[in-house]
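Q: Take a look at the letters that make up each chain.
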Amino acid sequence: QKEVEQDPGPLSVPEGAIVSLNCTYSNSAFQYFMWYRQYSRKGPELLMYTYSSGNKEDGRFTAQVDKSSKYISLFIRDSQPSDSATYLCAMREAGTYKYIFGTGTRLKVLA
Amino acid sequence: DAGVIQSPRHEVTEMGQEVTLRCKPISGHNSLFWYRQTMMRGLELLIYFNNNVPIDDSGMPEDRFSAKMPNASFSTLKIQPSEPRDSAVYFCASSPLLDNEQFFGPGTRLTVL
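Same order as they appear, the protein sequences are chains A and B.
Numbering-wise (the numbering used here), the first sequence opens with residue 109 and increments by one.
Numbering-wise (the numbering used here), the second sequence opens with residue 35 and increments by one.
Next comes chain B alone, as it looks inside the complex (with noise of 0.2 Å):
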């Protein structure tokens, strides 16, 4: 199994502009996480779905962030319009069931001049 992909990798982009953060989870898992991490904020959790239903989106920072999950094999998390305090890493993860072990994505290493 390829284990859960995320694209871009990195992606640097200018103050203002959408950015459109892109993940695959692992074929088979009805769970599926976002997550940002920060030096200072450590790891947080943004949104989580459940059979392609997005079920807490009490950690997505302001309104410009969204997230959707059309499929059970996709799902996308925006940034519009996007700010500097943006940047950081973000994680998807995906699991079998809501309490079942968590896999990590690699990370989109997100840059917001």
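This is chain A alone, in the form it adopts within the complex (with noise of 0.2 Å):
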């Protein structure tokens, strides 16, 4: 069993749209957790940044960490056609550097 469990999709939505993407993992140790995008033949970008539990919203982007579950989500509210890339989660320990990524979610947004 892999640390972290992403489905790889792809996933595909209508314009507008809300997305929810998900990982789960099975180190209990892990503190923070992180979503990013990559569009195709480029780099990943980071998204957005979680310390523990609980909710943090960035304009259209909600991320949540339920550590209870060890679940993490990522919804992305009135998606578009740009938001149509990879999604990969990532998480690490506190005290190292050394993050754990998904094997990451292909999302479109269809116009």
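Keep in mind that the hints were calculated from the coordinates and are not lab data.
Do not rely on the hints blindly, as some may be mistaken.
Computed footprint of chain B on chain A, listed as stretches where at least three residues anywhere in the stretch have a Cβ under 8 Å from a Cβ of chain B [claimed, not checked]:
#1 150-157
#2 199-207
#3 210-217
Ideal Cβ placement from N, Cα and C applies to all residues, glycine included.
Using the hints, build the complex out of the two chains.
A: So, in structure tokens, the structure goes:
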């Protein structure tokens, strides 16, 4: 079993839909949680960063962490065709800087 | 700022050859990370440096892989000898400090025949 599991998709939604992307993990020591967006043939770019449990909102994006369930989510409201990309979750333990990434979920937002 | 620069962008080589990937981090960033991305395994951290010193190389898959950072503006990842299973996209990322946001380069797509 991988430390971080992520559905590879692809996930296709119509423009304007609410998108929910998820990751599960097995290491209860993970404290820092991140979501990256990766466009085709580009490097990942950081979207959201959360420490421990709770919610964080930034514009159309909301990140949620549920440590009791070992489950994190990224919600995208009013999705746009420009949101079409692969979304990677990543996490690490406190005191280390070794980030463990999910394999990514490919999202397609249809105009 | 030009961002993280990686070269070459594409590399095709034959099994057994030496491959050297290069990275120039963002000026002023003190930490540098090398990753490998494949469809099957996703993005994996290979090694990271802080202030030019290797901190954790536990992700380096085999002794065939080595990385250096001779100064704050340059790092290399070398594979010798290369094998077909090394085919992947290799990313370099830099950050101001170890626990800051990482900025990724465009990657080097390596194909070993």
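Q: It remains to establish, for every hint, whether it holds in the given structure.
A: Verification of the supplied hints:
1. As drawn, the segment 150-157 of chain A meets chain B at 6 residues by the rule of a beta-carbon pair under 8 Å; at three or more, the given contact holds.
2. Check result for the segment 199-207 of chain A against chain B: holds, 4 residues qualifying (beta carbon to beta carbon below 8 Å, three or more required).
3. With 3 residues carrying a beta carbon less than 8 Å from a beta carbon of chain B, the segment 210-217 of chain A meets the three-residue requirement, and the given coverage holds.
Hint compliance for this structure: no hint is broken.
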